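There are 4 protein chains.
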Amino acid sequence: MKIAVIGCGYWGPNLIRNFVQSNKIEELTCCDLDQKRLDRMKSLYPSVKLASNYEELLQKPDLDSVAIATPVKTHYPIAKEFLSEGKHVFIEKPLTHSFDTALELVKLAEEKQKVLMVGHTFEYTAAVNKIKDIVDSGEIGKILYISCTRVNLGLFQPDINVIWDLAPHDISIILYILGEAPVSVNSQGRAHFKAGIEDVATTTLNFKDGVIAFIHNSWLDPNKIRRTTIVGTKKMLVYDDIEPQEKIKIFDKGVDVPPYYDTFAEFHLSYRYGDIHSPRIEDYEPLKKECDHFLTCIQNGVSPLSDGYSGVRVVSILEAASKSLRLSGRSVQTQGLKLLNKKSKNNGNGFLMASSWR
Amino acid sequence: MKIAVIGCGYWGPNLIRNFVQSNKIEELTCCDLDQKRLDRMKSLYPSVKLASNYEELLQKPDLDSVAIATPVKTHYPIAKEFLSEGKHVFIEKPLTHSFDTALELVKLAEEKQKVLMVGHTFEYTAAVNKIKDIVDSGEIGKILYISCTRVNLGLFQPDINVIWDLAPHDISIILYILGEAPVSVNSQGRAHFKAGIEDVATTTLNFKDGVIAFIHNSWLDPNKIRRTTIVGTKKMLVYDDIEPQEKIKIFDKGVDVPPYYDTFAEFHLSYRYGDIHSPRIEDYEPLKKECDHFLTCIQNGVSPLSDGYSGVRVVSILEAASKSLRLSGRSVQTQGLKLLNKKSKNNGNGFLMASSWR
Amino acid sequence: MKIAVIGCGYWGPNLIRNFVQSNKIEELTCCDLDQKRLDRMKSLYPSVKLASNYEELLQKPDLDSVAIATPVKTHYPIAKEFLSEGKHVFIEKPLTHSFDTALELVKLAEEKQKVLMVGHTFEYTAAVNKIKDIVDSGEIGKILYISCTRVNLGLFQPDINVIWDLAPHDISIILYILGEAPVSVNSQGRAHFKAGIEDVATTTLNFKDGVIAFIHNSWLDPNKIRRTTIVGTKKMLVYDDIEPQEKIKIFDKGVDVPPYYDTFAEFHLSYRYGDIHSPRIEDYEPLKKECDHFLTCIQNGVSPLSDGYSGVRVVSILEAASKSLRLSGRSVQTQGLKLLNKKSKNNGNGFLMASSWR
Amino acid sequence: MKIAVIGCGYWGPNLIRNFVQSNKIEELTCCDLDQKRLDRMKSLYPSVKLASNYEELLQKPDLDSVAIATPVKTHYPIAKEFLSEGKHVFIEKPLTHSFDTALELVKLAEEKQKVLMVGHTFEYTAAVNKIKDIVDSGEIGKILYISCTRVNLGLFQPDINVIWDLAPHDISIILYILGEAPVSVNSQGRAHFKAGIEDVATTTLNFKDGVIAFIHNSWLDPNKIRRTTIVGTKKMLVYDDIEPQEKIKIFDKGVDVPPYYDTFAEFHLSYRYGDIHSPRIEDYEPLKKECDHFLTCIQNGVSPLSDGYSGVRVVSILEAASKSLRLSGRSVQTQGLKLLNKKSKNNGNGFLMASSWR
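Residue numbers (the numbering used here), protein chains in the order written: chain A, 1 to 358; chain B, 1 to 358; chain C, 1 to 358; chain D, 1 to 358.
Heads up, none of these hints are tricks.
Just a few of them, taken from the derived set where beta-carbon distance is under 10 Å, the chain C residues facing chain D:
1) 149
2) 151
3) 154
4) 191
5) 192
6) 211
7) 219
8) 221
9) 227
10) 231
11) 253
12) 254
13) 257
14) 269
15) 331
To spell it out: a stretch of chain D is covered by chain C in this simulated footprint if at least three of its residues, at any positions, have a beta carbon under 8 Å from a beta carbon of chain C; those stretches are:
16) 135 to 147
17) 190 to 198
18) 217 to 230
19) 247 to 256
20) 325 to 336
Treat the hints as calculated values from the structure; they're not laboratory data.
All of these numbers come straight from a predicted model, not from anything done at the bench.
Heads up, the beta-carbon is just placed ideally off N, CA and C, and yes, glycines get one too.
Go ahead and model the full structure; you've got the sequences and the hints to work with.
Take a look at the structure:
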């Protein structure tokens, strides 16, 4: 297969490295407006071809697919052109900058029967897949809430705020684990350095039947924290991505509710403090698995785990969060919820696709 | 001085232990409705007197003061009776269950010229006082935001939610450090085990000129976390109360904004990664200092650091948070803001009292 | 029962507190040469009796037992006098300052049929007992080695070096777990502040059939570390006594040796990296359990878990370590090894007593 | 310059990667007996040349230097041949398998006036260089002792024990910091899996005037620990190489000795507990710096920081440790101590070379 990576700035080189090492790729083209970035890529990987603008690739008939790692606002126009030309498209998270454009890409991909995949990398980590297995096995019980912290002294993005930059990871993890999209979103944050670009924020996702998820993101925290706490009726699980050895800990801790109790009498809960278990997590580069999954989906004509709908769901939530920020934290409904929870038939992660596209 | 501690349940015994060991106290009466608790106190401290209801103490002419550690809803009626009788009153946090009742107690204490103090214990810790000094010295620069996490598998309170239980600590620390009350409050949470009693919540305090504080509280987290992150324009500070040796770390990290920049050109921030410094913190029991402060204020006729106004401010914020919870996280103005920020003359912690009461 | 605690300095007050709270004790006498210490004890525990020298207690006919918490060199003469008078004796670790004196006390206790117990506190912790159970269950496999680190910026003892101060804990834990005494001991250390009083040292215990234990002790380490690593053929266990929540971790890690291999071919080991499990440890004060065990042994006429022989074994190893220090680390045989490994009949911890004494 | 890397197994590829990326290298030859390793190198770095045995490289006239990363016992014969042919030689640690062979290589390099460098990588880390600066500044005071722990579940080496595998790092760090070689060495360990190949050991280095260093190494520890504690008369320093953010911590802790005291009176020390400071450490790959240093030394005709004498010193200590192991931990003099402490003129790290070779 022949692929082009568009955008060789911050993230693109990681995609290039993985596609270069893939035995499914026979030709890789690096595309960037900046000749210096192209020269750098060539020096690292002498076998790559170069292109100084993506338009010249549109007419390349033997190009199978593109991977887009450009600024978020350009995802939609670039992807649209390549999908229109019948290319398979991989887009870095978030899929696009708005619900409408995201949905339009999904529709276009379905119409063209091409793979549209979004780079929700954490869905390809061994840790998140292990958590998914644990949750699905019922060991945790019914999930009550999820709390995520993803902060560090991080690079400010020029065009998107900290929620659009960091929360896609948290949101995609939460949706993957719960297999459900939230009904509404609240978000509160502040832009301290650049007007309109919030650098710290807390976002709340409200699901039906009382499940809630909290996401705290910051570009201004001295400590790097990447922690997800999942509280269930039976057990509690903490996923700490910074921890080298014990990324997942399952706590046999919790609250035991008496089977029934006299409403006039005092309400008594008992607390359970038990063992802690840390399952071994396989060690691999998730991006390698993600890139390979994209290529495999093209070969087999199947929908990826993090398909376009997955991208739409995340963008819908990001858009609602942005709206809530402008409304002083007021609750905002997520768009297209019905669509969001429509079940796809073949990706097996709780969401089933709206229609099989092949 | 003669003191009575009313309520010998969970927290009262800590007050009793400290007052028993104080050389300012010549007589201590333990008061509880439950005879078993009274017997237990007598066995631990044979010198104490006992009382099975607080009413009998109201008429005790030589009683100087009471310390109230009963359920929150009873703080107001009990305190009101003792203040009316001209006793000095110490109340465990939060001061009362509503802004109106809290303010009424403050007015009554002023009228009676008696000390009214609330048990915001953290204002008496060496760590928080060290942080206050550091912030006031200008080392951190202007504070941009504060983020607090106070979670663990905690005992459910029968009558108050997790915000009223845990956030008073965070709020009193934040207000003490900033010397300012917030304009509005947002809060989002869920009650998973008992209707109306939220067991997990995130609260946001919005201050004027863009400062924001985030507070995450839970009774359902497998890890005990008590962390406060203060991000300033010059440095960042993390206060981790669980850490035995390095409770405070000051990070010479941050974002350097160029003095001016062409608005048409790209916005460039530079990042600073520097040394980390952990000042030595004195080792003492804050409750001992708090109890002694109450007695000293009585002796000297001065207003305590955590005076009634301090209590009112915290209660006002808690009440706003509760209201926001009922409004799906909508922003709620804090009551009596003008009063809240009125400056007192003698307590030296940024807030000055509404009027000197002696 | 009536008991006297001799020595109210650093450790004695902990014994006093526990005996005061015991319902098995009707009268407790505090004994110290320093009147100020006695006054302090009286102010903390008004019910205690006082004695300004231990000789006056020797003739007290209704005194059942004494607990000795004086400087190490005085353990032997004081204990000898009380045993001679037919009192049960508890001695803080180490039992005495030499093998010969330690053994003499054991013989005397046997002759007088009195309880002689040494304060090897860690044998009464929930963690060490849990480890003992795990090891005995065979889960760890055969133990290959044990490595202990017990360091901090610690108070220098005026009369004993860091090995005699800290290593008794490590040695008693190791012997309790292995159920076996070492054949020989090596020790290397230095005295930086007071001639002859080593403040840092490493001691190695050599057991038969290749088991080895390493003990590193220091009074001069900036970090407080109390870690014991037990490496077995099947699993590895780490006991970190500083850790509040996960004191014991069992690692399903190890080396798998092929069942047989051609000695001419390359030697291949495979490595196993598996789950980590942290069992819940009960939460209680070990000293309370220890004090109660002493009183129970008196009541029931049975030998304590940490009996005199246990004390002799530890002293024998300490003495060998001191000798090795003087011989530049040369290997020194432990004295009385045969005796050390004689099996007692009733204490159930792998060592059986030389003779039942009642 | 043209270089060959001999040995493309475990460590060689790291050298190859760094030399390939160096702009000082115009031709790199990979040499290994195993064709599969050569093919692998060619696939990673298409520009490299290949050689299936090192003998064919001996006669290559334009080859400037070789880097040897073969099993330890082969270091000496291979290096000897290349030095004899007038090539500059870099050897992975330890330099050779014995003091005599190591010294012979040094003499040969001096005679041939060629660079002989040993890969003591840690001398090229930012952290160790920072520590060296701190110690040399006098901030720590006079060093009293150094304690090193370097353990993990590590790959067994087929031909060398855990001391020869791991301790060269600790020893080279200790010698670099102290600028002095030890007088004698003690070592105690056990071989649990392969006769004669110790998998766990503790080694003690005894310096003149009472300084001592402890090194604990294991291939069988479930936790990866790389910690060096340096205790000085003024401050204490901990270097934790696992820590991502605070690799070095300086503790203003210590023991204050009174200026004089009556020897008949009690000996009183006071303890100082102060601030903790963690200096920022530059972030770079030490191996890159090491490889570049080798090439720079060739270009400038100067002796490297980790020159042959540095290699001899480490090997002398390893040899003494091995001898001590066979003597049940008895103290063994280091060979050639006088030579070891001879000062070189130009490498500026405390050791001065025996003779300037150019």
